[in-house]
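Just so you know, the protein sequences line up as chains D and R, in that order. Here the first sequence stands for residues 321 to 630, where the numbers follow the working numbering. Here the second sequence stands for residues 321 to 630, where the numbers follow the working numbering.
The set of hints was computed from the structure by calculation and includes no laboratory data. This structure is a prediction, so every number in the text was calculated from the model and none was measured. Check before you lean on any hint, since a few could be wrong.
Copies of the same chain look alike in the list, so a pair counts if it fits in one copy or across any two.
[Claimed, not checked] Derived pair list, reagent style DSBU-like, types lysine-lysine, alpha-carbon separation capped at 30 Å:
#, residue 1, residue 2
1, Lys515, Lys484
2, Lys332, Lys404
3, Lys332, Lys608
4, Lys515, Lys608
5, Lys515, Lys505
6, Lys392, Lys332
7, Lys404, Lys515
8, Lys392, Lys484
9, Lys404, Lys505
10, Lys392, Lys505
11, Lys484, Lys404
There are 2 protein chains.
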Amino acid sequence: VGEFDLIARYLKPLAGEGAMGLNDDAARAFGQVMTKDVLVENVHFLPTDPLGLVARKALRVNMSDLIAKGAKPSAYLLGLVWPKRLSERDFALFSSGLDAEHRDHGLQLLGGDTTSGETLVISVTMFGLDERQSPLLRSGGQPGDLLVVTGGIGAGGLGLAAAKRAPSHTDQEALPYRLPNPPFKERSFISEHAKASLDVSDGLLADAQHLANASNVDLTIQLADVPMAPGAGSSLDERLHLLGAGDDYQTLFLMDSGARETLRSAVAEGLALRVIGVASASSADGAKVQLLDEHGSQLTPDRTGWDHFA
Amino acid sequence: VGEFDLIARYLKPLAGEGAMGLNDDAARAFGQVMTKDVLVENVHFLPTDPLGLVARKALRVNMSDLIAKGAKPSAYLLGLVWPKRLSERDFALFSSGLDAEHRDHGLQLLGGDTTSGETLVISVTMFGLDERQSPLLRSGGQPGDLLVVTGGIGAGGLGLAAAKRAPSHTDQEALPYRLPNPPFKERSFISEHAKASLDVSDGLLADAQHLANASNVDLTIQLADVPMAPGAGSSLDERLHLLGAGDDYQTLFLMDSGARETLRSAVAEGLALRVIGVASASSADGAKVQLLDEHGSQLTPDRTGWDHFA
Chain D
321 VGEFDLIARY LKPLAGEGAM GLNDDAARAF GQVMTKDVLV ENVHFLPTDP LGLVARKALR
381 VNMSDLIAKG AKPSAYLLGL VWPKRLSERD FALFSSGLDA EHRDHGLQLL GGDTTSGETL
441 VISVTMFGLD ERQSPLLRSG GQPGDLLVVT GGIGAGGLGL AAAKRAPSHT DQEALPYRLP
501 NPPFKERSFI SEHAKASLDV SDGLLADAQH LANASNVDLT IQLADVPMAP GAGSSLDERL
561 HLLGAGDDYQ TLFLMDSGAR ETLRSAVAEG LALRVIGVAS ASSADGAKVQ LLDEHGSQLT
621 PDRTGWDHFA
Chain R
321 VGEFDLIARY LKPLAGEGAM GLNDDAARAF GQVMTKDVLV ENVHFLPTDP LGLVARKALR
381 VNMSDLIAKG AKPSAYLLGL VWPKRLSERD FALFSSGLDA EHRDHGLQLL GGDTTSGETL
441 VISVTMFGLD ERQSPLLRSG GQPGDLLVVT GGIGAGGLGL AAAKRAPSHT DQEALPYRLP
501 NPPFKERSFI SEHAKASLDV SDGLLADAQH LANASNVDLT IQLADVPMAP GAGSSLDERL
561 HLLGAGDDYQ TLFLMDSGAR ETLRSAVAEG LALRVIGVAS ASSADGAKVQ LLDEHGSQLT
621 PDRTGWDHFA
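For reference, chain D alone in the conformation it holds in the complex (with noise of 0.2 Å):
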């Protein structure tokens, strides 16, 4: 049984107003948009990574699921369990790569806890202002709509390889995983056009489909159109391995056709966004992700993305 399935079984029914169905990538209450990641050692980051920015990570990563809701990030709640083995320099080390994302993106800590075990763990609770009229959810798409994406996709998969192939603390391959770069720079732009929208963090395929499910269209996204991150091979086995390796802490949106100039105004204007594909009317037997290469070929990788229980 995997990971939604549990969620799906269990948890749904316990949701409460504002939990959107448990179906969204944050909650609604309070005049607040939430969200809560827990990044867990040899899960989300290495041992071997730096432990200023496995804080500065956590902190990202759920900037990345209020930028993917179009909400301004503002302060946090932070709940650790942090291992004996540790010592004060590493805590040190710890508390100023939280300190690095307050400044660069006015983060306030609220509080939290801190406790120990055998194993680190960052739990964050996020807040985030919402600009919008109407909340973005991952549902709101429709057949027409562009499909688009930010920044580039595989970086996590490339630095993750990067980093248990070199464990040095200065590789600037591991980079990426260590220290996503979700679209700061793009989140006004997605709180304005976004119709519908996720974070990607399973994997591109994998999102698409929970966004494809939600808004109940087909997606139909074209392989050279997808923006690849810096250092990824041109093989398509590589390409669609990185499709599916998740990690990237990007935005996938559908926004209105109409809308395509405004686009181009703005990538011309610096923003990292790309056109990779559009939505249709969902195929009779449910909502489906096509992937298709330079020929129009359909492709069928292996693996979409992740599932922490699959």
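Fit chain R to the known structure of chain D by using the hints.
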């Protein structure tokens, strides 16, 4: 370096508005009182504890923080590190525990995150509604105030000993450890009458010291007046041990001595409230907690409470 020193040195400088300087049990933001308590297998609960009760405990220790601040618990986010060794049936049991607390205490699940990992970790961020005019903090107590505690002290320590002795799922003696009983009934009284308060989780004496420090008063506690949990032995050694054992999840608060009659009426109506001491002007070298025996002699226990990194 202990837990409290690490927080003071490295996290307090990062605290934002509403964080109460990280000196309190809960933060205040967006019109809500909010707390985040993380429970870790083998630290806050035992692998032999029934998972339905573990879920309920995770919610109750958070409710304990909110109740101690006079706030009414309303909704929460759930972060779950769920080991793959556990089964779908375990997940169902865990969820049924959440459901039981929803029914008993009107809670709603807002969202969260489920991920895998070696050790079960439950991270709850809970929100509560504050019905008071001014925030109830650890500070605010004054010389002359009465020191009051709810419930029975030592319940958690006695229950833990029983759970370790005989890990049967149906052992009634272990229940107070597995399912703490915060002062749900006493919440309105606390909200209405407390001037300064905290929840007793580290140990009565350690938590009394936190209250004394924040309110800058000395506290004198009469051991004979401390309400001990059922099953506590009458020996001095055992009582002193339980005063530092922690896991009680009761509320310790200071109230105006002029309201003593109101307190007597509340007790007559069945609320578990007990005056265990008084506040006085703090000593020249800092706020002190004194524990006195029935002859007025000062007692000095070996251990006053729990520090995760001590």
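Hints breached by this structure: 1, 7, 8 and 9
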